[in-house]
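Participant: Letter by letter, the chains look like this.
Number of protein chains: 6
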Amino acid sequence: MPTLHVELFEGRTKEQKADLARELTQACCRVLGSKPEGVDVIFVDVRKENWASGGVLWSERSAN
Amino acid sequence: MPTLHVELFEGRTKEQKADLARELTQACCRVLGSKPEGVDVIFVDVRKENWASGGVLWSERSAN
Amino acid sequence: MPTLHVELFEGRTKEQKADLARELTQACCRVLGSKPEGVDVIFVDVRKENWASGGVLWSERSAN
Amino acid sequence: MPTLHVELFEGRTKEQKADLARELTQACCRVLGSKPEGVDVIFVDVRKENWASGGVLWSERSAN
Amino acid sequence: MPTLHVELFEGRTKEQKADLARELTQACCRVLGSKPEGVDVIFVDVRKENWASGGVLWSERSAN
Amino acid sequence: MPTLHVELFEGRTKEQKADLARELTQACCRVLGSKPEGVDVIFVDVRKENWASGGVLWSERSAN
Numbered sequence: 654m655p656t657l658h659v660e661l662f663e664g665r666t667k668e669q670k671a672d673l674a675r676e677l678t679q680a681c682c683r684v685l686g687s688k689p690e691g692v693d694v695i696f697v698d699v700r701k702e703n704w705a706s707g708g709v710l711w712s713e714r715s716a717n
Numbered sequence: 654m655p656t657l658h659v660e661l662f663e664g665r666t667k668e669q670k671a672d673l674a675r676e677l678t679q680a681c682c683r684v685l686g687s688k689p690e691g692v693d694v695i696f697v698d699v700r701k702e703n704w705a706s707g708g709v710l711w712s713e714r715s716a717n
Numbered sequence: 654m655p656t657l658h659v660e661l662f663e664g665r666t667k668e669q670k671a672d673l674a675r676e677l678t679q680a681c682c683r684v685l686g687s688k689p690e691g692v693d694v695i696f697v698d699v700r701k702e703n704w705a706s707g708g709v710l711w712s713e714r715s716a717n
Numbered sequence: 654m655p656t657l658h659v660e661l662f663e664g665r666t667k668e669q670k671a672d673l674a675r676e677l678t679q680a681c682c683r684v685l686g687s688k689p690e691g692v693d694v695i696f697v698d699v700r701k702e703n704w705a706s707g708g709v710l711w712s713e714r715s716a717n
Numbered sequence: 654m655p656t657l658h659v660e661l662f663e664g665r666t667k668e669q670k671a672d673l674a675r676e677l678t679q680a681c682c683r684v685l686g687s688k689p690e691g692v693d694v695i696f697v698d699v700r701k702e703n704w705a706s707g708g709v710l711w712s713e714r715s716a717n
Numbered sequence: 654m655p656t657l658h659v660e661l662f663e664g665r666t667k668e669q670k671a672d673l674a675r676e677l678t679q680a681c682c683r684v685l686g687s688k689p690e691g692v693d694v695i696f697v698d699v700r701k702e703n704w705a706s707g708g709v710l711w712s713e714r715s716a717n
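Protein chains in written order, with our numbering: chain A, 654 to 717; chain B, 654 to 717; chain C, 654 to 717; chain D, 654 to 717; chain E, 654 to 717; chain F, 654 to 717.
Keep in mind that the hints were calculated from the coordinates and are not lab data.
Please note that the accuracy of each hint is not assured.
The list treats identical chains as one, so a pair stands whether inside a single copy or across any two.
Claimed, not checked - With a straight-line Cα cutoff of 30 Å, these simulated DSS-like cross-link-like pairs (lysine-lysine) come out:
#1 Lys688 - Lys701
#2 Lys667 - Lys701
#3 Lys667 - Lys688
The shape of chain A in the complex, shown without the other chains (with noise of 0.2 Å):
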């Protein structure tokens, strides 16, 4: 019954994403011996200027 968030830097494709899910289910099943209908996997795109590391938003440091 595993459920999956992936927050990541918006932008990615669809393909990208497809592909993810799709490893990171397999990685599941092959791990924990989870049925694949039973994984969720649930992506959350984050903008850089919503995510900071260091107290700095990863919009400011691209500028650079």
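Please build the complex by placing chains B, C, D, E and F on the supplied structure of chain A, with the hints as guidance.
Facilitator: Quick look at chains B, C, D, E and F alone, frame taken from chain A:
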């Protein structure tokens, strides 16, 4: 003090969200004895290309 | 496909959680037209020393 | 290693988010002894029609 | 910078979590081009009495 | 109305959490103009065996 996060596919109307928020809040009050003003409900709209079950994005399933 | 996360103070009984899960699920089905088997409810027990409102932990308020 | 998620009403400026990210990070460093580079802050913009308190969406309250 | 939250039933071994964290991280690197050190995986152990599907807690289903 | 979730390694004292909750709340009030009573802070204690960076659990790193 319960706080509810409700992840659902985007596209629901304001009326549906208003109705659902009211009903979820009432259920918490009935079962937990919460005061209504202590209950928060936050909706998270998820696009079908951001949610996968069984390793397949719902945006791809809908295409079938 | 709604998935609900319910953060609540620890100490609720299994019966309360069972009742609440059922009622929350029914509300989603009624308002959104979801099928029951597509609704997941996850409870997150929060200790009073882990939740602050107005800058004060509830464990400190209870001490008053 | 603290990771903070900050849910707030949409409409805040980049300057407010930059300031808040810096201050939240500094507070973690001061109180927990974290290194700044280990602190992540993720903002989650919530529309008023997606947040209900007391069973009523904030988009409906604002209409009053 | 992806951050993954993995909600799963409690009872998994450290070895399973170590394996799964490594595989999930590798998948992110392969598909998204992330650097390993930028990937965080957080496991959230959920008791069966805290997870309901179809309105029924898994702790009650297991009793069948 | 901001709500903050703070994921941090378990083992922090109540005093640290009380201090941090107060400081985080004050920062929100200063920067966003929030009223203190509208700010919620929820701490999520994470065990080192449940958090991986770079694909390695922190419980394994500490063993080095």
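Participant: Now look at each hint and say whether the structure bears it out.
Facilitator: Hints, verified against the model:
no. : hint            : result
1   : Lys688 - Lys701 : between (35 Å within a copy, 17 Å between copies)
2   : Lys667 - Lys701 : both (19 Å within a copy, 11 Å between copies)
3   : Lys667 - Lys688 : both (24 Å within a copy, 20 Å between copies)
Figure legend: structure checked against the earlier numbered hints; every hint is met.
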